[in-house]
Amino acid sequence: MSNLLNSLLVMVLMLNLFALGTSRIASVIRTVAMQGALLGTLPLVLHGHLSGGALLIAALTITLKGVVIPGMMNRALRDVKIKREVEPLIGFQASVILGALATVCALLFAGRLPLAAAHAGTLVVPTAIATVLTGFILLITRFKALTQVMGYLVLENGIFIFGMLLVQAMPLVVELGVLLDLFVAIFVTCIIVNHINQAFSSLDTRRLASLKE
Amino acid sequence: MFLFLILLAIAMAAVSGLPGFVLRRSAGGCERLAAAGMVGAACAGLAGAAGGMLGLGRDALAFRWPAIGGGSVGLDALSAFFLVPIFLIGGLGPIYGLGYWPHRRHPANGRRLRFFWGMLVAGMALLVIARHAMIFLLGWELMALSAFFLVSTEDHHPASRQAGWIYLIATHVSTLVLFALFAVWRHVTGTFAMEPAAPQALGQGVTNLCMGLAWVGFGVKAGVMPLHFWLPGAHANAPSHVSAIMSGVVIKTGIYGMVRWFALLPDAAPAWGALVLLLGVLSGVLGVVFAIGQHDLKRLLAYHSVENIGIILMGLGVALLGRAMQRPEWVTLGFGACLFHVWNHSMFKPLLFFCAGAVTQAARTRQMDRLGGLATRMPWTAVFFLVGAVAICGLPPLNGFVSEWLLYLGLLKGATDTAGGAFAALIGVPALAMIGALALACFVKVAGAVFLGAPRTRSAGTAREVALCERVPMAVLAVGCVGVGVWPSVVAPALDAATGCWLQGTGLDAMPLARAVPLGVIPLLALMLVACVALIVWRLRCRTAVAAPRRSLTWDCGYARPDARMQYTAGSFARTLVLLFRGVLRPAEHRPQVETLFPGPTHAHSHVDEAVLDRVLVPAGRKIEGAFAWFHRFHRGLTQHYVLYVLAVLLVFLCTLFPFRHMVSVWLKQ
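Chain order of the listed sequences is L and R. Numbers 1314 to 1526, taken from my numbering, label the letters of the first sequence in order. Numbers 239 to 908, taken from my numbering, label the letters of the second sequence in order.
Excised from the complex, chain R in its bound form (with noise of 0.2 Å):
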């Protein structure tokens, strides 16, 4: 019943930008056609989604499809997790599209942009059910392909082109390895139905073949740090709301694949668990570094993601160490910080997005050193966009600080209990206090550079405050990111339920959050932060409204005409730490020498490039490029060379055939 309106929920997503194709051009009424249907489909979803997390009947769905012995889909507790952040983003993007994306302004690529998105939705909420390794991969290229057309849809600009190379590239090198995954388990199981393999079933060699390909494969989808050289240029260049579903969603996908195959491998040493905390640990540290270095906003945004995933990914190792080491409490914690920080990053990252892209909307520039003041001039997006920072910097009392807590309760616990686990938290405890502190720093800098002082540019001082349709989907992920992290109870028996679904077939008993962490105390501990908050608010204006301020430019430095080119700028705020980190960011710096004494006007610029993709990939392929120079010599480009070659091949390969040792012994007989 429940899975009956999942699968509604996705056919109507993908049909939703049909009729902008059949309507006239001119037709602006296809817009809302299309966001009203992604919003029915995401109110069917969601229905859907929480139907399957209250396990009100379990679904199941087999079907004959010859082609590829039988497909089959499902809605448990795990799948319908994963599905509240796929059709709540969903359901909200296009209605942010209708303001940020209007159809008058991009008559050209609005239409595509509608029908791709119902398509990269339809694909995430179908892999997500998917039951057969075959329809998961067919989800999985229908979100990979859709997400490709979304990501250049502004494919006159070469920046947006190039990224969607580069990230086409990426998720086809992610399905080549998806590809050997199934193949070997297909292989091993004899089927391709994706059900858990029995205890001791599949030997250690097989189990760390698959644990290791799903890693890689799943792992460039999430965005893991070496592998996530194609989020950067993806996120920034696509336009805002893409970006916040690229961010908030597809890459979530991939920790998805990873959390439902490492269930299917029940058997999982334990130093797989050591490995994904030490890669998370990796990717969380030197993502929001590199986010430090950055001058536009969307990339730092997406190197937050890295970051991000790092988090998730630290949980699920901690899950994996406490599976395979028999410890349900290290399970409840980590898997809990695991899914929870899934679905906490799925609305403070599209929030953060959607802010930024009102932001490039109205300032029409993503570099922060030319933004600046818009607090005053768009106050709301400012408000929304504090609640987004405040939720990804993990600061009480909002959502990310949650997600954190119960990851640094999962690792403190196995500090505890076992010396291996003191090892990990000797490890994970000081970094992820690291990154907390790093990317609050980051956000320190964002918001003081876009939404504090005074504007840089004039573009930024004529901004004006973005549409209604723009600023509701902000206000609901707003209200999500305090509601949750306010009141966790709610989110608990969902964690709960997909904890058990996760640890059915290993023999583990899941454990029941609230027996492991006092969720009941965060309200408490929120409102108490709220109040000293308030008190101090209180007391400050008491005190300031006794001496009258005198108004004057943020940051005047006390020179007696203040410019607002004297304010710091995003990159003079980070340069401390940039230099601090210099050794993995390797910033280029550009500064003019000053010699004479009435210098004329002159540039400073710094520049931190990509880490994987700037100075390992581009380089290799270069070298490559050169050893090959020499081909260059057969490939002309001429047709007449290219069917000589043909001819050449037909030839060689009919020379086999020729009976030339028969002709010669008859002629030797003669």
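Chain L with its partners taken away, still in its complex shape (with noise of 0.2 Å):
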């Protein structure tokens, strides 16, 4: 079990580095959506035994993370008609090397944190730090509103992972209200989207800069 989980999150921690390493927005929306699909099998490996809660989530995850949220970022990118990030605070090779030194400061420092028996053995907590540096690092380096949105797919996406462990602490009714705001969050960013690119004709935040007081 695992062996099986442990390869699972190795998965997880590539698609991190392909994601930072590419610079087609459809590609990283891709990467995106087989994470998030491989973390909805997360509840079900993570505890052995197949409960009714785990399975709601695991599907709703899974529906949620892999089909319909990448749908509606697709759509998107098809209506504003952009298929690059042309010039990302730092270039591609650094960001994948950042990722890379993020996932090894990862390790280092859960191999230090006082965990539970259960979880030292995986790689469970590791893997969550790296996601969410790797979805700061895409925050923080990408200038063009969709990828914005995925660097916060991805941070959350840490999060999730982090919330695997406390799957049994946690009420049901958690998971799925933490969901439904993922959803209304990517849900309200893909119509903004729309009308940034026609109030100022580009998908730049930057240009969101000239709305400060």
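Check each hint, because a few of them may be wrong.
[Said to hold, decoys possible] With beta-carbon atoms standing in for the labels, derived distance ranges:
1. Met901/R - Ala1433/L: 14 to 22 Å
2. Asn446/R - Leu1493/L: 48 to 56 Å
3. Glu1400/L - Gly859/R: 35 to 43 Å
4. Arg1391/L - Ala421/R: 36 to 44 Å
5. Gly278/R - Leu1493/L: 38 to 46 Å
Honestly, the hints are just simulated from the structure, not real lab data. The beta-carbon is built from N, C-alpha and C at its ideal position, and this holds for glycine as well.
Fit the two chains together into the complex; they arrive one by one in their own frames, and the hints show the way.
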């Protein structure tokens, strides 16, 4: 069981690096969708047995993160007619190296943390930290509104992995609430992206600074 | 039973504006529906308040609300007393609004205005009947937020938006102070319930702290002089019936808060009475002085609210002094004056604002120097304005006179009793006299500039009398002013009941007002006064009938061809007084120099700043902004930067988790 879990988590880590390294927005969307779907299987793998709540969360997560949200993002991408993130703050190779560094740091750091015995042998905590850091790197270094949303999604994925540790302690309704929040946030952002594109003729979020007082 | 009437009224008021949102946008019927709802709420509320004042069944209702530890509402004479103006103006305003703010002329913001009007009335009524600090706060915030939306009704005007923001800041400062007050109260009494503390239970320090917090928190809302900075702008820029309820009722909730919380703290030192009296004097005198310097009709009325709040607080100060020094007679007179003036001000000030709204609507300007000659064009409005003006100046036989008379009696009673009282009278009586005289001068200026003379602009010349539904609320209020002024004995039982309610828990017995003052002589005096005036008028008529008068322009000053622009302006009329008080007013005058023999056209103007806002708060805000200019480097408006800051903080916190010391020791061992 631990082997299956760890190999899933390694795939998540690799998808992180892939999301950092590609400039095509469509493939970032695909990567994050794949990551979301992988995460959806985590509740089933993590606890060994199949409970109703875990099944519900898994089904909802896979549907939302793997199908619905990528679908909305792809649609928004089609509407605004752009393909690439052209000028990130730091280059794509540099992003990948930074992401790798973050992953290494997360592994080192998690090794030092006083974890419960059940979680000590798995990669859950380091993957969660690394994914959160990847989300931050995406959010900080990319300027297009759509890639910002992707960064936010990756960040949320990291928090989701953390949440997996608590899936028995946390009421189902909290998990569902988080998923609903995420869905609404992405939904609204996809609408806003269109409006930004119309108002500023660009998806560059730096233009939004002109709204500052 | 009566409490349920009040609760029904609150519910009706709260939902009265909702149909407007549901019905079609073009439907004008929703405004009549909303007005009908408010009138119904007002009738239910006034009936309930009347029952409460007569003490027909002392009501209280406790209900379960686990989050705040159980809430309770109740109706006693004091609450009922303040409910009367709330429902009176709350019911009259929408009727006025039918003509003043009709749906067809304001389709965009009319629905919003009617909805928040209902919410405002509901919030105020709720806070007045609250017996639990959290319920009180709920009503308070409901009132504050609805009033914000009402003030910024015309949010396409920058001035309205600015007034709305300043009001919002002020009201939240007040709420913040109230949070502190309620937290302290909870800490020392162990409950949020608003029950009077037992004498000597709290200790002097805590009492002083609570008094101070209540003073600041409620003083901002009441518009006491140094804390009044939000008031002129908000009153001037709101639609006139909103100004009427803001000035007539909303600021009275601040007074209610003070009165109620001072009642909960029975052993306040006499110094608090003196302080309230002194600040009342300050507020009264400076309020009227600033009113004289204004050119904007509604701004001038707003400063008169500050003045009247000062008079009300002087009464409260005398009552507090009397309570601390165990003098029931002072309490009766002072508290009677305070509460009576609350009622009076909530009748004549909305009346004046309704008239000002009518003038603004008819002549399309609030600047007094662009009006003139409206008495012949709007006779009803002019008469109602005159009634309001006479009442606000405290002249007999109208209601303002009676409450100020009670205050004079209270102050003079103190002077004959003790040395401390004499000191209070020495400050209070001349100040009150001065306030009266200056208010009279101010309203002579207003009435002269707006209603007499010749119209100064074309729009003033083409003004028409306003619709009937606007004149009816004015008439109701004018009749109320005259009725209460001529026959004040009707109010005495309500005042006695409220005073008794205020003194609960102090061990002091209230003295009936009728025993302290001969209220019965007032109708006789009024009759004599009216008879005298009628006689003088008749004599003058007889004399002028002999020599037929030549009709000409007012203030034509003997010129061959007088012009409307030769008239005295409001500014020139008030200039003597403004210069007399230039130390506080600091008027800015721009006067052009006339140098050549045939000068071209030129302009002169004068201006009086808001004392606290323009001279203290805004410069202080600029200074603070300047001091933090370096911070703009970190505040670029880029989301990416903000996320980076979040990450940095996160990493710093993570580092504190990291066992560096352990690692170093392990490394050293190796």
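We went through each hint and held it up to the structure:
| no. | hint | verdict |
| --- | --- | --- |
| 1 | Met901/R - Ala1433/L: 14 to 22 Å | 18 Å, holds |
| 2 | Asn446/R - Leu1493/L: 48 to 56 Å | 51 Å, holds |
| 3 | Glu1400/L - Gly859/R: 35 to 43 Å | 39 Å, holds |
| 4 | Arg1391/L - Ala421/R: 36 to 44 Å | 55 Å, violated |
| 5 | Gly278/R - Leu1493/L: 38 to 46 Å | 41 Å, holds |
The structure fails hint 4 only (numbered hints given earlier).
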